[in-house]
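These protein sequence lines map, in sequence, to chains C and D.
Residue 163 is where the first sequence ends in my numbering, and the numbering goes up by one at each step.
Residue 163 is where the second sequence ends in my numbering, and the numbering goes up by one at each step.
These are calculated hints, taken from the structure and not from any lab test.
Just to be clear, a hint being listed does not mean it is correct.
[As the list claims (entries may be wrong)] Taking lysine-lysine and the DSS-like style, the derived pairs with C-alpha atoms no more than 25 Å apart in a straight line are:
1) C/41 - C/12
2) C/12 - D/139
3) D/12 - C/139
4) D/12 - D/41
5) D/12 - D/66
6) C/139 - D/41
7) D/130 - C/41
8) C/66 - C/41
[As the list claims (entries may be wrong)] One side of the interface only, derived from the structure: several residues of chain D facing chain C at Cβ under 10 Å:
9) 29
10) 45
11) 86
12) 87
13) 89
14) 118
15) 135
16) 145
17) 153
All C-beta atoms, glycine included, are put in the ideal place defined by N, C-alpha and C.
Protein chains: 2
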Amino acid sequence: MRHTISVLVENKPGVLARCAGLFARRGFNIDSLAVSVTENKAVSRITLTVAGDELTLDQICKQLDKLVDVIAVLDHTNDLVVERELCLCKVAASPQQRAEVIQICNIFRGECVDVGNGTLTFEVTGDEEKIDAFVRLMKEYGIKEMVRTGKVVVPRGMQPTQQ
Amino acid sequence: MRHTISVLVENKPGVLARCAGLFARRGFNIDSLAVSVTENKAVSRITLTVAGDELTLDQICKQLDKLVDVIAVLDHTNDLVVERELCLCKVAASPQQRAEVIQICNIFRGECVDVGNGTLTFEVTGDEEKIDAFVRLMKEYGIKEMVRTGKVVVPRGMQPTQQ
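Full structure from sequences and hints, please.
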């Protein structure tokens with residue numbers, strides 16, 4: 001089962017390596033991970049998705065929580081959340097194909113952010129399934145290059161993550 | 001000076017921990033990092049931003065390149081790139097303030113993705129400066145919670161990253 005976990009940590013060198021190391025030692029593969037500062041410059045927020053058995057993952061979360069620079073660990077698996085991911089995708093498109101490819105992008109409410117000699121670069125945001133669907137369609141034209149940020153989540157309504 | 005580095009790696013457990021460890025051992029703080037799969041499921045792409053002196057960073061990049069599961073390392077500092085970041089921001093807003101806050105979001109071409117009892121959640125994408133500006137404005141209303149993905153980049157035009 002896929003889990004999405006938020007880890008609030010002190011913004012210091014080495015914290016990310018220690019957190020990632022905990023998963024690595026158990027042989028867990030982190031599918032995606034995004035880390036950046038929060039509204040408080042001293043605190044960073046790591047959002048990661050990982051697949052694995054419930055029990056071991058629960059242990060890893062408890063060990064994460066014990067690390068000195070970790071402030072909070074939250075598993076969002078059963079929460080109501082807004083989840084989003086961003087994808088930049090450079091697609092092969094001849095001048096004749098451009099209109100067609102841009103039309104698909106518009107359906108996904110994406111934006112064309114660059115055009116080159118035979119390429120178009122799109123920015124698309126949405127949940128994982130939406131991005132997957134967009135990428136599947138673009139594969140038919142030929143993806144030159146693609147980068148995804150990995151999922152970030154915020155709980156819906158009033159429920160806070162940071163307590 | 002801030003550097004943006006792309007690292008293409010094999011999608012295996014432990015690779016991220018080893019890459020992050022290289023920076024940690026030199027005392028470099030990774031400001032943001034995003035990792036996710038690429039169009040090839042066996043390959044993940046790490047995009048990270050880090051500040052530090054040119055020389056040591058250059059050494060780290062060379063060491064990264066030598067790691068067994070690393071396919072390519074690219075420093076985008078002097079490249080022409082499209083850079084994007086996504087931010088989910090939950091802001092305190094009474095029903096009376098909603099219109100005002102949503103107006104600011106519209107100016108930033110953001111989207112309101114959730115509304116709670118006294119809160120609004122926005123999705124905004126753009127480069128780092130744009131997100132910073134948005135967050136600064138939202139601070140006046142009171143940010144309840146915020147998460148950013150960290151920067152991802154794709155070179156403009158035909159220049160490929162993956163070779």
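Hints versus structure:
1. The straight-line distance between the Cα atoms of residue 41 of chain C and residue 12 of chain C is roughly 11 Å, inside the 25 Å bound, and the hint therefore holds.
2. Between residue 12 of chain C and residue 139 of chain D the alpha-carbon distance is near 24 Å, which keeps this suggested pair within the 25 Å criterion.
3. Between residue 12 of chain D and residue 139 of chain C the alpha-carbon distance is near 24 Å, which keeps this suggested pair within the 25 Å criterion.
4. Of the pairs offered as hints, the one joining residue 12 of chain D and residue 41 of chain D holds, with about 11 Å between alpha carbons and a cut-off of 25 Å not exceeded.
5. Among the hinted pairs, residue 12 of chain D with residue 66 of chain D is consistent with the structure: their alpha-carbon atoms are about 16 Å apart, no more than 25 Å.
6. Of the supplied pair hints, the one linking residue 139 of chain C and residue 41 of chain D holds, its CA atoms being roughly 13 Å apart against a limit of 25 Å.
7. Proximity of residue 130 of chain D to residue 41 of chain C is assessed by CA-CA distance (about 17 Å); at most 25 Å being required, the pair is judged to hold.
8. Pair hint residue 66 of chain C plus residue 41 of chain C holds up; C-alpha atoms about 22 Å apart against a cutoff of 25 Å.
9. The interface hint given for residue 29 of chain D is met, as the beta carbon of that residue sits about 4 Å from the closest beta carbon of chain C, less than 10 Å.
10. Here the hint on residue 45 of chain D is kept, as its CB sits about 5 Å from the closest CB of chain C, short of 10 Å.
11. Against a cut-off of 10 Å between C-beta atoms, the interface hint on residue 86 of chain D holds, since the closest Cβ of chain C lies about 4 Å away.
12. Evaluation of the residue 87 of chain D hint against chain C yields a held restraint, the C-beta minimum of about 8 Å falling below 10 Å.
13. Satisfaction of the interface hint for residue 89 of chain D is found here, the shortest Cβ-Cβ separation to chain C being roughly 8 Å, below the 10 Å cut-off.
14. The beta carbon of residue 118 of chain D is positioned within 10 Å of a beta carbon in chain C (closest approach about 7 Å), and the interface hint is therefore held.
15. Evaluation of the residue 135 of chain D hint against chain C yields a held restraint, the C-beta minimum of about 7 Å falling below 10 Å.
16. Below 10 Å, beta-carbon pairs count as interface contacts, and residue 145 of chain D has one with chain C at about 6 Å; its hint therefore holds.
17. The closest approach between the C-beta of residue 153 of chain D and any C-beta of chain C is roughly 7 Å, which is under the 10 Å cut-off, so the hint is satisfied.
Of the hints listed earlier, there is not a single one the structure fails to meet.
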